[in-house]
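> Chain by chain, the residues run as shown.
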Amino acid sequence: MLTLTCPCCGVAAEETELAPGGEAHLKRFGPGASDEDFETYMFARKNPKGVHFERWRHAYGCGKWFLAARCTATLEVFGTYPAQTTEPPADLIARIKTRRPDWEGCK
Amino acid sequence: MSTRLATGGRLIDRTKPLNFTFNGKRLRGFAGDTLASALLGANQMLLGRSFKYHRPRGLVGSGVEEPNALVGLGRSGRFEPDQRTTTTELFDGAETVSQNHWPTLDLDIGVVNNWAYRFLPAGFYYKTFMFPRFAWKHLFEPIVRRSAGLGRAPSLRDEDRYEQAYGFCDVLVAGGGVAGLAAALAAARKGARVIVLEQTAHWGGRAPVDGGTIDGQSPDDWIRNTLQTIEKMENVTLRRRCMAAGLYDHGYVLGYEQIADTTPGDGRPRHRLWRIRAARVVTATGALERPLAFAGNDVPGVMLASGLRDYLVNWAVSPGDRTVIVTNNDDAYRTALALHEAGLVVPAILDARASVTGALPDAARALGIRVLEGRGIAKVHGGKRVTGVSVCAQAGEGSVLEDIACDAVAMSGGWSPIVHLWSHCGGKLLWDAPRAMFRPDAARPPTGADGQPMAVAVGAANGVFALSAILAEAKDTAPAPAIPAPDDEAPMAPVWVMPQGAPDALRYKMWLDFQNDVKVSDVQLAAREGYASVEHTKRYTTLGMATDQGKLSNINGLAILSDALGQPIPATGTTTFRPPYTPISFGAIAGEARGEIFQPLRRTPMHEWHATHGAHWEPVGLWRRPYTYLRHGEGLHDSVRREVRNTRAAVGLLDASTLGKIVVKGPDAGKFLDMLYTNMMSTLPVGKCRYGLMCSENGFLSDDGVVVRLSEDSWLCHTTSGGADRIHGWMEDWLQCEWWDWKVHTVNLTEQFAQVAVVGPNARKLLEKLGGMDVSAAALPFMTFTEGVLAGIRARVFRISFSGELSYEIAVPASEGMAFWTACLQAGEDLGLMPYGTEALHIMRAEKGFIMIGDETDGTVIPQDLGLGWAISKKKADYLGKRAQERAHMANPDRWQLVGLETLDGSVLPDGVLALAAGVNGNGQKNTQGRVTSTYFSPTLNKGIAMGLVRHGPQRMGEVLDFPTEGGKVVQARICDPVFYDKDGEKQNV
Ligand SMILES: [Zn+2]
Chain A
1 MLTLTCPCCG
11 VAAEETELAP
21 GGEAHLKRFG
31 PGASDEDFET
41 YMFARKNPKG
51 VHFERWRHAY
61 GCGKWFLAAR
71 CTATLEVFGT
81 YPAQTTEPPA
91 DLIARIKTRR
101 PDWEGCK
Chain B
1 MSTRLATGGR
11 LIDRTKPLNF
21 TFNGKRLRGF
31 AGDTLASALL
41 GANQMLLGRS
51 FKYHRPRGLV
61 GSGVEEPNAL
71 VGLGRSGRFE
81 PDQRTTTTEL
91 FDGAETVSQN
101 HWPTLDLDIG
111 VVNNWAYRFL
121 PAGFYYKTFM
131 FPRFAWKHLF
141 EPIVRRSAGL
151 GRAPSLRDED
161 RYEQAYGFCD
171 VLVAGGGVAG
181 LAAALAAARK
191 GARVIVLEQT
201 AHWGGRAPVD
211 GGTIDGQSPD
221 DWIRNTLQTI
231 EKMENVTLRR
241 RCMAAGLYDH
251 GYVLGYEQIA
261 DTTPGDGRPR
271 HRLWRIRAAR
281 VVTATGALER
291 PLAFAGNDVP
301 GVMLASGLRD
311 YLVNWAVSPG
321 DRTVIVTNND
331 DAYRTALALH
341 EAGLVVPAIL
351 DARASVTGAL
361 PDAARALGIR
371 VLEGRGIAKV
381 HGGKRVTGVS
391 VCAQAGEGSV
401 LEDIACDAVA
411 MSGGWSPIVH
421 LWSHCGGKLL
431 WDAPRAMFRP
441 DAARPPTGAD
451 GQPMAVAVGA
461 ANGVFALSAI
471 LAEAKDTAPA
481 PAIPAPDDEA
491 PMAPVWVMPQ
501 GAPDALRYKM
511 WLDFQNDVKV
521 SDVQLAAREG
531 YASVEHTKRY
541 TTLGMATDQG
551 KLSNINGLAI
561 LSDALGQPIP
571 ATGTTTFRPP
581 YTPISFGAIA
591 GEARGEIFQP
601 LRRTPMHEWH
611 ATHGAHWEPV
621 GLWRRPYTYL
631 RHGEGLHDSV
641 RREVRNTRAA
651 VGLLDASTLG
661 KIVVKGPDAG
671 KFLDMLYTNM
681 MSTLPVGKCR
691 YGLMCSENGF
701 LSDDGVVVRL
711 SEDSWLCHTT
721 SGGADRIHGW
731 MEDWLQCEWW
741 DWKVHTVNLT
751 EQFAQVAVVG
761 PNARKLLEKL
771 GGMDVSAAAL
781 PFMTFTEGVL
791 AGIRARVFRI
801 SFSGELSYEI
811 AVPASEGMAF
821 WTACLQAGED
831 LGLMPYGTEA
841 LHIMRAEKGF
851 IMIGDETDGT
861 VIPQDLGLGW
871 AISKKKADYL
881 GKRAQERAHM
891 ANPDRWQLVG
901 LETLDGSVLP
911 DGVLALAAGV
921 NGNGQKNTQG
931 RVTSTYFSPT
941 LNKGIAMGLV
951 RHGPQRMGEV
961 LDFPTEGGKV
971 VQARICDPVF
981 YDKDGEKQNV
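First to last, the protein sequences are chains A and B. Positions 1 to 107 (the numbering used here) are the ones given, in order, by the first sequence. Positions 1 to 990 (the numbering used here) are the ones given, in order, by the second sequence.
Keep in mind the hints are simulated off the structure, nothing from the lab. Remember, predicted model here, so these are calculated numbers, not experimental data.
With a Cα cut of at most 30 Å, we get these calculated DSSO-like pairs of lysine-lysine:
id, chain 1, residue 1, chain 2, residue 2
1, B, LYS671, B, LYS876
2, B, LYS943, B, LYS987
3, B, LYS874, A, LYS27
4, A, LYS97, A, LYS46
5, A, LYS27, B, LYS882
6, A, LYS27, B, LYS665
7, B, LYS874, B, LYS665
8, B, LYS875, B, LYS665
9, B, LYS882, A, LYS64
10, B, LYS688, B, LYS983
11, A, LYS49, B, LYS428
12, B, LYS743, B, LYS875
13, B, LYS428, A, LYS46
14, B, LYS671, A, LYS27
15, B, LYS743, B, LYS874
16, A, LYS27, B, LYS876
17, A, LYS46, A, LYS64
18, A, LYS97, B, LYS428
19, A, LYS64, B, LYS743
20, B, LYS671, B, LYS743
21, B, LYS882, A, LYS46
Okay, chain B solo, but in the shape it has when bound (with noise of 0.2 Å):
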């Protein structure tokens, strides 16, 4: 069993206990231990259940590289799937779940998938979508959907916040171990300024664990004053607990900090995300030991040397009492030395080298370890824990020479530099072969906006290991010429499979990635079904997709697949290396943006007035505009319909504020606005206000809006609401990079400004009870504009209308806009006022035939398609569109082209639905020849009424088209007129 020894443990406190629970059981630890210690210090060693074949599994590493230990931990709104409990510290009141288990973790239905594991090789899934096709639906779906998933996804509203910060320095150090010290010291040194990212809660890395010494200090010592030194030094920023999760171009680092992790609910913000530009960055990673593949080295009691070594050391844990070591290099031993120093046994130490010789192994012999040359494992005892192990020679093909019990077994296949950072933005790997390692390759480093190397790898994740040529490395920043084995140690041999001739029966079991349950067998089956390609083969094999991405399984597998292929490693090549790092939170992502903040609200002068009285928001672009007032009891049809009747029968209000209203001025304004509108505005007379569409150099129209000549230089633009910004834009990039000696100023007003419509037959009365002003037929005509005082308050008035009555827009400071709104509803109590939405809104222009941008338009559409011909300049030598719209296609008579549509039974056509002509197309399908842009049931005239475009549309008057609407059915209307209600416009020419 596992256990916590009565002495040692680096980091833990034992005067510090801490209460936790798994799967319910309440469990105890120290401040100090990871999920992970804490489990294995209490034997909890089966901590769930692998993906596909639901074998028992437990931990393998002690840190970021840890396939199986996730658990699901917190509760209710603080519950989260799929935390790693290597990387994870212990706090009080930790509750702690299981995963991928049914129905629980000790008896295991699923488990079935592993007597199973024959039928369920490399592309099962794919393989099974293929044939037989009623066996993927009825057979193998409702299985995979019982026993897939990893872990169970939150149902609740995050409980937590999270933040997002800035960072900036000259050299951004990734890793706090001994090269990364060294190198922020020497940087530092230098003047720059530095930050220093560690993923962990302590500095220092693997050394204090591994031993040695560094400039005559031991590690401990060393880190104790190198940190003094730097904290020391204003330049230098420290942050533990804070992961480099990505480098980006032009060295954008992307940092995930945890803070208050251990400490939930107590008002800080659980992670922050931070955005950091650095001009070099400094990888000082590490790197991480590979497994070996032997049979049954998913046992739980297998692990890595080096994390076994770790919750020695560390933690004080007790993986076992009798561990066996296998390796096929020096580094293992110092795992062997440490539990013989904790007073525990080991049987064997097993490597696969054929001569074993070197200071470690030595120190071995010399404490009376068997080391036994030349040997390997045949296969592992046990199920839910290690009972032993058969020994062979690493040579054969898995004849066992001796049976070891043993109830732990730490192997070591070799160490991988952590290359990930280094490789995220385009630096390139080299493979060190006598190493059996990829490690950077500082001829062909990642490059920032200079062009120059933005990124060094130094130490382990440069594949430096030698403490002396790490701080060499880190004195001039430049990766030493010749590597340096670690101090006194022999080269290691690589060893991919276990024994090297093993047969079928027990590659089945020798697992590559523990997460996903890919052996051996899965990816030599890939190679023999032609998957060449390391890319294809991870899809397939699905290796190193699960959530450790490959961290422990990928060198492994490539290694197995070039031999596969009987090509060299290298030829091979490694798969791509993306961001984060390790899983970052959604939440740390999202930020602050969510709930109310997630992205900025706009709101008119008259917001809060439209939230109290009843207001259905719709929003426009990131305003909020009132749809309809509701009042009590009312639905949404019926208080439209109100809105429409009342707004024709009386006087209605509209809030209008969000339309855009560009100023355009300068001696050359007019000669722009000519460029820029299809129509002519240069000769508007100052007091006119003119209709004008804008087209995309395309062709198409892209916004339309009532201009009005403020001045002899001055003009001021209305767009559609979510226009503005766009076409403002869009206007200075004209004026900026085409036209840039015009002498023009352009100024978007939208948010400077409210804007009332003051809309029905007792328009005017209303006004005149406002008073100051002449708002008379004759003083005021329509399509006129006046400036001067109503109510008290200085006031732009336009005699535009885009609902057919008698209408003014009245356009007044934004601070004044409340104050004009109250004082319009005080003057309108007895002429019958009442405020009306969008919704009405849009209903009185479509009973007009009025075209509304983003519904008769969509981008493919041309003023010419809309009847808007006449609103396109015939004088003009050019204008943003002209020559488009000369093309032979866009004077094709087949276009569809807009006309109005009333069915036959007095229904409402739905939206968008296409008109079916004789026939069908290539593909079989009906032919179409026009389609629905917008329908509405029309208050006024009491039925439903549509605008569309239809091909030859406007010579068809009178023709019924059939429009096929859900269910089969079929609805005729009829082509008529787009104008659908007081076609001579009497009611607004009063």
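Isolated chain A, as found in the complex (with noise of 0.2 Å):
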């Protein structure tokens, strides 16, 4: 069970009061949008084994969502941060980097 702090009220909370959202900073394509944006809008996900972005809902704390850097295979977390950002802070990629040199970075 994981623990994720959130960076809008500085809690670490345990999995049980957070609620998953996917995937992060996924572009919304809207009318007009050819079909394959769209779809890889709707449906096209990474599921990548390692470093993963992703949205997380602090929903029996501060209602508040945020975002968060993770290791989907060792469940290491990179970092938090707010979700009000097209990508990720630089001082996190930066921290990704030194723990994941192989890395391929942000697609």
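Since each chain sits alone in its own frame, please combine them into the complex, following the hints.
Shown next as structure tokens:
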């Protein structure tokens, strides 16, 4: 059972306090988008074995959504950060690269 | 016979005798006994029957590893099967019954399986499932059902209560033996918050029985002194009778504490489940001794050498007058020495090693005990009790060299570190070939949230047995670099089959898994039949699948498998170690979540009134809503019909408080709602109501409800009763994660307001009697809202209708809900007012052709399917689900669409039934062209009405469809307009 620190309220929350929200940093495609773009947005998920950026909601706490970088294989948590961003913060990327030198980066 | 010795027994208090029963027989033990030691002390060697062959079974071990000695314990609401006698403390009045026999323990008919062992080999069940088919159904199944099953499931409600608790620490030490206590002390001295869990009632583990010196003290002294030191430290919590059951992600440890097992009914919770977060976990869980595989090793009286020693030293129980020791290592000699010291006879020590040196064997020899080198057991004699052994050369094929009379056998095949906790969360093992054991690989530990090792193994759990090395290891909590043998012990020699060249006849009688009756021959057969994976072999043979989860059998079994496959043991590997370490009670897992507090119940402000006025409850999410209000002697159907007819003819009252109420406010609220709903909400004038639809991004209809423009910058969104929290979460998701720069604030006010629907021709008269507000058609037209005071209570009044009647929904502060409800009841007395429930609500909406989320929708339905295209804005550039609805298959004219259905005979269609079409599909099933989504008996029209989705439905008015129902009958129904009642809306438009 995971613990993730909510960047909004600072609580190290048990997984039972959290609600998962799938992959983070999806770009929304609305009316006018091509079928391919919409399909990618709606259905195509990276599902990597390794570094993953994902959405969590502190559902039984402050209620806020936040984002987490986590290794899906070892469950190592590289960091959590507020949801109001389109890409992971640079210092987090740097930390992941030291922990996972082979990581191919955000794609 | 087994008996209680006159002196000794470090754990028992002879001044406190305790009475208990076994199969109705009255027996006596002492405080400090386990059920096992008390039974053995009372000469009860035969304790059960094995699972498959119903062989007689006695105690093998003295702890969690015990596979045989399981009993039913307690009576009526406290009866529990499969209780391990070795880990159950004796208490006065304990009632125990043996298991797995019929009709009695001493005379068991199922033992026929035993004679037929050649016909019940590995994979027996799989093979009989396959062929011949008739044999399973008529021959095997009845026999298997009669004889299968371990224990008897309780039939009564559990009388005990259970609880759960949370704990947090820097270091959790699992195991309170010497290694665990030393590690706890070392960590505590560094200032860590430490929790130590010990599964038994005693600290110190095996050391007091095994002897030796620790820091120059006897084990008992060292343990006492160390505990005294630790108990004075405020940063350490010691918890006995609490097993670390599992290690999970991020240092989450499940602790299983047994509190009131020995004091049933004393008011305390029986068990407590600890949910502990530990930054680091020290596994000091010890090791388990392995049996040896020789013919007849399951006969009662054959025990683990360490277990037998425990009974002798801890509880002063002699398993027999003459005990033969059979071993491949030095440790078993401690049992010989202990027996000798107790004045009992050890006729011989059979040591499989060709040459035996070392301090312990020398001590045995010095006492005059025969030590036979290179020897093993060819066969154990006896049925329900050991009567003797035949000795053979370990290197040979089992030729009998000598017969020795004895009434007990103590066996030792070496020790296996308990690596369960280490392995639960990904810790890896390495094979230590010289000592024939898997032990934790410190280089590949389980890792935590920070990616660092979250566990360290110490002591015997790490393969470190020497007391001096254990202390050294604890001081730096890193594993000792070179792992020494136990103090002064010679190396062991792996022995997997005894004798090594044993023929089939002997292998058929060598047990690996005592509870499930898996023998050396079964594992070898599995290998011959092509099973190469240890996981497959486990399932095929059932090795290690019993309640003991292979604590004794796994290593021996995989060694046999490796040998049969001709590969080294690490190439075979182990099966997966899964929590819990030993079975834990369902009660502890459920904790307090049972009965009325199984889950929280949501009650409206009028809940108690409903309860005292005949409410038949319907669960709606966590809410309870009245389905109908039963009057004396009335059936459900009659009650619902009365409520519908009365509402249509006079006036009805509905508790609509569960309806979701979300306020959306801010400069960008209108823009936001235009994205959320399919229709335009930003243009809704203040004071007006509009029905709205919400879709998922995938285009499917997700929720509906009336939206009210409260003021220039705020809207009130009504959602379905079950959808309020979900829709509020949905709104927040988009506001926090996508449009975070939009200035919008949402608040879920569902529970802050009570809402009452006043519905029917007399609704306006009732509101006028309440007084305080102009509710005339002119002042409050259909689909408008006003705020004011009704019956002296602050109220928001919405002129909306879900029934087709003249209808008002009035929201008042929750605290005023009951007062307002009462005021309505009083005002309605001479207007024919009756409350109505959810079923009448559903029927009236169906009569009007209104859809219901969850009935007409199932996650694959778009608004266009339901004839709700009018509620989709053509002007808006975007809304959630719009792009998805532009996909080709969403506009496909072949999609099933909403219609009404009326049966030709007036009957009620079954719910969910499919409409048949001509022909069959690729699977040979009949084609379908539609299905029923809502179906009711309409009291208003006095016939069955239904709604359904039908291919090209709206273009096929008047066509008759066939609906097959149960029993091969076909009901015919005609496609019609889904609005069955008052098509022109005259009733609500007054
Ligand atoms: Zn939070």
